[in-house]
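Asks: Sequence order for the protein chains is X and V. For the first sequence, the positions run 1 to 525 when my numbering is used. For the second sequence, the positions run 1 to 525 when my numbering is used.
Keep in mind that the hints were calculated from the coordinates and are not lab data. Take these hints with a grain of salt, some might be off.
Pairs count within a copy or across copies, as identical chains cannot be separated in the list.
Claimed, not checked - DSS-like cross-link-like pairs, simulated, lysine-lysine; straight-line CA separation at most 25 Å:
1. K36 - K52
2. K179 - K490
3. K36 - K137
4. K408 - K338
There are 2 protein chains.
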Amino acid sequence: MEVTRSNFRESLPTISSAISKASFLAIDGEFTGLQKGVNLHAFDTPNERYQKLRQGSMDFLLMQFGLCAFEYEATTKRHIIRAFNFYLFPKPFSRQAPDVCFSCQSSSIDFLVSQGFDFNKLFREGIPYLTPAEEQKSRDALESKYNQLDMMSSPAFTSPTGADTAVAKGPIEIPSEHKQYVEDICKQVEELTAEGNTSQTLELKPTSAFQRKLVYQTLKLKFHAGLHLETKTNNNRQRYIVISKVKNAEDQKQKEESRKAAEMEELENAVGFSKVIRMISQSGKLVVGHNMMLDVLHVLHQFSCPLPESYEDFKSLTRCVFPRLLDTKLMSSTHPFKDWIINTTLGDLRKLLENKPFEKPVVESAEGFPAYTTDNEQLHEAGYDAFITGLCFIGMSKYLGTFQSPKKEHIPPSSPLIEPFLNKLFMFRVQDIPYMNLAGPDLQPSRDHVFHLSFPKEWKTSDISQLFAPFGNVYIGWLDDNSAFVSLYKKDEADRVLQNITTGDTFSVVAYKDFIERMQKSSSR
Amino acid sequence: MEVTRSNFRESLPTISSAISKASFLAIDGEFTGLQKGVNLHAFDTPNERYQKLRQGSMDFLLMQFGLCAFEYEATTKRHIIRAFNFYLFPKPFSRQAPDVCFSCQSSSIDFLVSQGFDFNKLFREGIPYLTPAEEQKSRDALESKYNQLDMMSSPAFTSPTGADTAVAKGPIEIPSEHKQYVEDICKQVEELTAEGNTSQTLELKPTSAFQRKLVYQTLKLKFHAGLHLETKTNNNRQRYIVISKVKNAEDQKQKEESRKAAEMEELENAVGFSKVIRMISQSGKLVVGHNMMLDVLHVLHQFSCPLPESYEDFKSLTRCVFPRLLDTKLMSSTHPFKDWIINTTLGDLRKLLENKPFEKPVVESAEGFPAYTTDNEQLHEAGYDAFITGLCFIGMSKYLGTFQSPKKEHIPPSSPLIEPFLNKLFMFRVQDIPYMNLAGPDLQPSRDHVFHLSFPKEWKTSDISQLFAPFGNVYIGWLDDNSAFVSLYKKDEADRVLQNITTGDTFSVVAYKDFIERMQKSSSR
Ligand SMILES: Nc1nc2c(ncn2[C@@H]2O[C@H](COP(=O)(O)OP(=O)(O)O)[C@@H](O)[C@H]2O)c(=O)[nH]1
Ligand SMILES: Nc1nc2c(ncn2[C@@H]2O[C@H](COP(=O)(O)OP(=O)(O)O)[C@@H](O)[C@H]2O)c(=O)[nH]1
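Go ahead and model the full structure; you've got the sequences and the hints to work with.
Replies: Structure below.
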């Protein structure tokens, strides 16, 4: 089901009920870019990787979110699926709202349009969102505006936005070029309020903010009460003032109340998609994703709070928002799946899991939900990718059941068989640490057989292999044109390296540990 | 005329001829955002303003460029117009090409979609571009790749991209899970090359880069010459290898040559829109824009070179790329137009200039160009805005002619009457310096009557006015919640301010000059 700004509110109950019926949820995100200015490499530690993604990826936008809720129907032994595809865009809902700046990476944008992604729909119809802190700030701003208005003599003279500061800035002199304009308006208002005139409102032509300011201020001084002013926006996004007569204090108050209600509703809408993340979080359900580290980081950053500087704080935050996470990319590259699955790319994984020793899961779209099928692939639409991810999870869970005696048909997400895969995020392209462990300390494999090598930029793999040839095969993790980490396959040769390779004129070799120490020293200086 | 990636090359001659026939050119740009992280204010000096825009605006993309060429036809006393509307997007043309990251501001994007801007067209069909430096770098990369290939024993084994590094990295061991795959390919190639087989080529299925690498390396070792390998990309953007038989050295060479030619053509296309800017620059024609500072900065930054740190270097660069610039916003707010023109917004300016004492210019679209008219406004399409800007320039030039005796019907852009307005960029929302002077030193009005005031964030305009009331009216240039510049209307009261306002517990007043000095000291520390 496609969810945009226009059907978001009406869809909330459907989303909420899909979540609460689900035995588990699968998610997926699409972004406007992946990373910039940072260099992910094969020997990043989990903390280093976190810091790089925090600094290099969070400026991109998570702008499509896929949620697929899987409900297990015990009688038919199949899953009923409810998939949602949300378009997300931080349209500034009012002038106090944050005017978000985000980055785009041209390769990502190019890739997305080639897959048919509709950016016009995104920008026109994307659902807005606010973090809890932003929501609170907006609430406070509204409160303080109301308080200030209440204290003023003529609360009638208010505009829907920007009034708090504006009101208090006090009268300004009317520059000569605007005198005629303001006088004209006064005349029109005199006519409006003249006895016997039955018109109730007067719409002014769109004008500059400055002219509006002059109108507000002049009418306030000249007409005192009896008038209600409001600034509205026309289809061309020009702003204009509507002046309406108020009969009495009651009428006045009612007009105020209805404006407040409208503003509160506007704020409610602005919180937008963050509500869905709160629902997912509060459900406590297992949340499944494929290669989901960036998805988790973006969801936290965009809808909860800016990612904390400290890696440990990040872990606590994640445990708090998503108490049960499972990464199918990690699961599929771990025993007992590892041996069967050569390619853990989402599309290929799904196909592999339909063949022996695995079994294709039986699923059906719930009524009212358009059917996703694996027959026509819609990969890279977040809703579809979430659906495929869920299928992979079911396929792998089922396989775990075959080792039980008696063999189990259905492994629920709460099964202890799933435990070993929980709360571990796949570490993309890292050589010796398969996952980030959200539930405890990270793995710290020895890197005594890893060396940092710097060299002239003319060097190629063959030069490096040759240098290390005496110690057998090596794995080369390029850092840039001038340096790489080199890891020995034969770990017990490690001791011999520094004894035998003497740093030359053109290159230098340092033990991994010493290299890291130097880096830390120079960065803390 | 709309120009996108698909008709760009064929349009170049039309663009070139339009420019060379023109008596002047009008330009306009649309951006993905305006500025972030910097605070433009009413007392920015030209240098400060430049630095703020350089730091806060250049991450946004100039993604639509309007060019309107105005040709004066003396016989009919009218202008023939040729308007172009270019969509620009830095699609990475190959894997060596820069993968540009750019920023978007949600308010700007929201505004553009509300005006009907088509982002799908932009991202799918935008014309790419390279700065001269980027072009040179790509050329060098290709050269060095060819050189390296020439030195190799088996030049047949190359792929269109990434080959240079790849080739030289040397053979890697085939991991066990890929052995079967590679053997299969070898068998197929043996069949292909078997005597009597008349097939000329073999297309492999799309595979991972690693598998392609294994194929390249294995075939090279096993089959030596007689084969040509090329990596192609299918419609799903998956990459696959095509193996073709080569009859002899001649055939081989020809295949190489045609690949080189294709790569050179690809690079030529990648230079893209920068060619149009070079044409404009080389024409030496007058270039007119409305409120054009950001346009000029973006054009230089995106198509010439990153904006220089030094403001003086920026002036030289601008003079070099655009020797004759004219800003209609500045012109219309300068004597003798100032008195007639209350509103210098582009749309309003155009309307004002159709009424007395001005005269509506006579223009006609050239054959083959869709007619822009002022009847249905398409403001905020860059091509249309450039058209309107040109109209405004003609209107104002004509008016200058009426002061001549005898009255002149047509004032050409080379007229000395235009001189006073040349090479000055309007300074948006600056109080006392109307323009940035590209042709010489900037204005340095005295700011002895300006003060820097800091205060608690509860303060409003009225508090400030009250504080300064003893010295008459003031202009307040807000900096943030806690500070503002305050400028006296009665300049001769300046001396009394610091004598009479003693910095209190909650606020402090400093002369403008002292404030700037302190800032410079603290930033150079
Ligand atoms: N004195 C006074 N000025 C107001 C009031 N409301 C708005 N203004 C001013 O009028 C200007 C126009 O306000 P508004 O129409 O809301 O839109 P804006 O300028 O586009 O923010 C604002 O910039 C405010 O400074 C008010 O109640 N009293
Ligand atoms: N040994 C060798 N490897 C190559 C050659 N051309 C490409 N490769 C490798 O094969 C891989 C696949 O190359 P390519 O198909 O161009 O695309 P890519 O990986 O997607 O860059 C590259 O990553 C290179 O490392 C070649 O001529 N010789």
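Asks: Evaluate each hint against the coordinates.
Replies: Hint check results:
no.: 1; hint: K36 - K52; result: both (9 Å within a copy, 23 Å between copies)
no.: 2; hint: K179 - K490; result: between (88 Å within a copy, 22 Å between copies)
no.: 3; hint: K36 - K137; result: between (30 Å within a copy, 20 Å between copies)
no.: 4; hint: K408 - K338; result: within (21 Å within a copy, 85 Å between copies)
Of the numbered hints stated above, none is contradicted by the structure.
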